[in-house]
Amino acid sequence: MKRFASAAAFFGGLIILWQLLYDAHIWSPVLVPSPASVANYLRGAAGDGTLGQATLITMRRLLIGYVIGIIFGLPLGLLTARWNVLQDTVGTLSLGLQTLPSVCWVPLALLWFGQTEAAMLFVVVMGTLWSVVIATDTGVRNVPPIFRRAALTMGSKNMHLWLKVILPAALPFVVSGMKQGWAFAWRSLMAAEIFVTILTGFGLGQLLHFGREQQAMDQVIGIMVIIVVIGLLADKIFFSPIEQFLHRRWGTGASQ
Amino acid sequence: MYITHVIPWHSRVTSSAKEELEIVAPIKLAIESVSKSFKTATGTVQALDRVSLKVSEGEFVCLVGASGCGKSTLLNIIAGLEKPDSGSVMANGKPVTGPGRERLVMFQEAALFPWLDVLGNVLFGLKLKPGLRDKDRLDVAKYYLELVGLTRFEHANIHELSGGMKQRVALARALAPNPRVLLMDEPFAALDALTREQLYGDIQRIWKARNKTIVFVTHNVREAACLGDRVLLFSPHPGRVQEEFTIELPRPRDINSVDLAGYAGRIMRSLKGFTKTEGEVAE
Numbered sequence: 001m002k003r004f005a006s007a008a009a010f011f012g013g014l015i016i017l018w019q020l021l022y023d024a025h026i027w028s029p030v031l032v033p034s035p036a037s038v039a040n041y042l043r044g045a046a047g048d049g050t051l052g053q054a055t056l057i058t059m060r061r062l063l064i065g066y067v068i069g070i071i072f073g074l075p076l077g078l079l080t081a082r083w084n085v086l087q088d089t090v091g092t093l094s095l096g097l098q099t100l101p102s103v104c105w106v107p108l109a110l111l112w113f114g115q116t117e118a119a120m121l122f123v124v125v126m127g128t129l130w131s132v133v134i135a136t137d138t139g140v141r142n143v144p145p146i147f148r149r150a151a152l153t154m155g156s157k158n159m160h161l162w163l164k165v166i167l168p169a170a171l172p173f174v175v176s177g178m179k180q181g182w183a184f185a186w187r188s189l190m191a192a193e194i195f196v197t198i199l200t201g202f203g204l205g206q207l208l209h210f211g212r213e214q215q216a217m218d219q220v221i222g223i224m225v226i227i228v229v230i231g232l233l234a235d236k237i238f239f240s241p242i243e244q245f246l247h248r249r250w251g252t253g254a255s256q
Numbered sequence: 001m002y003i004t005h006v007i008p009w010h011s012r013v014t015s016s017a018k019e020e021l022e023i024v025a026p027i028k029l030a031i032e033s034v035s036k037s038f039k040t041a042t043g044t045v046q047a048l049d050r051v052s053l054k055v056s057e058g059e060f061v062c063l064v065g066a067s068g069c070g071k072s073t074l075l076n077i078i079a080g081l082e083k084p085d086s087g088s089v090m091a092n093g094k095p096v097t098g099p100g101r102e103r104l105v106m107f108q109e110a111a112l113f114p115w116l117d118v119l120g121n122v123l124f125g126l127k128l129k130p131g132l133r134d135k136d137r138l139d140v141a142k143y144y145l146e147l148v149g150l151t152r153f154e155h156a157n158i159h160e161l162s163g164g165m166k167q168r169v170a171l172a173r174a175l176a177p178n179p180r181v182l183l184m185d186e187p188f189a190a191l192d193a194l195t196r197e198q199l200y201g202d203i204q205r206i207w208k209a210r211n212k213t214i215v216f217v218t219h220n221v222r223e224a225a226c227l228g229d230r231v232l233l234f235s236p237h238p239g240r241v242q243e244e245f246t247i248e249l250p251r252p253r254d255i256n257s258v259d260l261a262g263y264a265g266r267i268m269r270s271l272k273g274f275t276k277t278e279g280e281v282a283e
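If you read the protein sequences in the order shown, they are chains U and V. Position 138, counted from 1, in the first sequence is what our numbering calls 138; the numbers after and before it change by one each time, with no gaps. Position 15, counted from 1, in the second sequence is what our numbering calls 15; the numbers after and before it change by one each time, with no gaps.
Since the hints were made in silico from the structure, they are not lab data. Among these hints, one or two may not hold up.
30 Å max Cα-Cα, derived BS3-like pairs, lysine-lysine [stated by the list, open to error]:
#1 U/K164 with V/K127
#2 V/K28 with U/K157
#3 V/K272 with U/K164
#4 U/K164 with V/K129
#5 V/K54 with U/K164
#6 V/K272 with U/K157
#7 V/K208 with U/K164
These numbers were taken from a predicted model, which means no experiment stands behind them.
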């Protein structure tokens, strides 16, 4: 409760500071709109459904792409960790492609898939996949051999060994890879939506783009706030509980 | 925490779980001329050189030697985790070709699974044992947790336990699938003296109560004299059984007794006799 109060006071203070800067009239209101006008835009956009619609479209692209990335990334990472020949080939390729900023996939995606949902999905999958592959590979390679040996003596082998021992033992690495994949996917999707208009649906990035075209700063800032809030929520609702569970079980991390 | 008696079986334990908790007959081991070498950066190391030994049913045998004498390698070979270059290991007359549930290993610290709680660790091997109902597995796991005095900690995370408690969990985990041979690889090496003393008492009582064949690897001569029916002394480079001591002291033995010190002294003198050229002194 105390921590919530201090956070609320901090963000409240930021908004007051913003209002003060607006009142000082240093910059044109076209460039620095008031907090009230941004709130006004958000209320209107939420009211007429554009905001909800755009959020839904963006989240759908993100989640589907992200899940596909994990579904392929996890087994691929396990395979590269299991066989050195795959590590030298697929693993090296993954490492190379992971260093490629995922927005760089956008031109290729557009040429391959055109202005379609598939292009968006492709960019998100590319953002997720390589981080997950590399983190899973690293995680598995860092599993202490004694876990494997202990499990073997108790009769664990093959799939059981991989699913019940090696994967859970690698979990701290895998989760941080999933988090990184999420961040990459989110960034690349926003970039793709801003630069490419997909006629099958306008996402948050497109609203941001239209805000710029119309010089509607309240819209630009309003959508940016929504994007930040989504990022925060993803962390607080999805990743934080998992990380806290891992910290509790493993006894790692600072005291909570 | 100190276990003074073996607890009676819980009245709520079902008959099928009781069956699982029956004491199984221990088995004998026959190690026949086992050799094993490793390639290292500096050349080939002969870890074991034609080692032969027999362990009879229900016997407690300690393997002692300086580090690098191959005693842990031998334990791994008996466990089926490593293959000998030549020679054979027979468990109950059958050749050992891989890990098996009738020969369980209790490792040094840190072999417990941190993603499972205490109960989950003890259940791990039981879940792999076919022909049991989940309820029975739970009863059996709880029985062994009671046996090692950790009932109150069944939902604790591994990192929350002390070193001694961790090794009690490791012991419960190794005992739970009811193996016929227990292989212990320096299980108490990382513990403080007081905790170790408690565990010497516990392991002797549990050995008596559950009737296991135990092969126990240690570099601690007193520990070996305290626990073993027989103590086999290993010499390093190449690893060989150098000498054998039969410890004829009544049980349970106290690590601080004078008689035991006499045995430990004799073993230590032999050990120093052939390790002094190596520049290595065992504890």
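Verification of the hints:
1. With a C-alpha separation of about 11 Å, the suggested pair U/K164 and V/K127 falls inside the 30 Å cut-off, and the hint holds.
2. For the hint pairing V/K28 with U/K157, the CA-to-CA distance comes to about 26 Å; that is within 30 Å, so the pair holds.
3. At most 30 Å may separate the alpha-carbon atoms for a hinted pair to count; V/K272 and U/K164 exceed this at roughly 45 Å.
4. A hinted pair counts as satisfied when its Cα atoms are at most 30 Å apart, and U/K164 with V/K129 qualifies at roughly 15 Å.
5. A threshold of 30 Å between alpha carbons decides the hint, and for V/K54 with U/K164 the separation of about 36 Å lies outside it, so the pair is violated.
6. The suggested pairing of V/K272 with U/K157 is violated, with an alpha-carbon distance near 42 Å, which exceeds 30 Å.
7. For a cut-off of 30 Å, the pair hint linking V/K208 to U/K164 is broken: about 33 Å separates their Cα positions.
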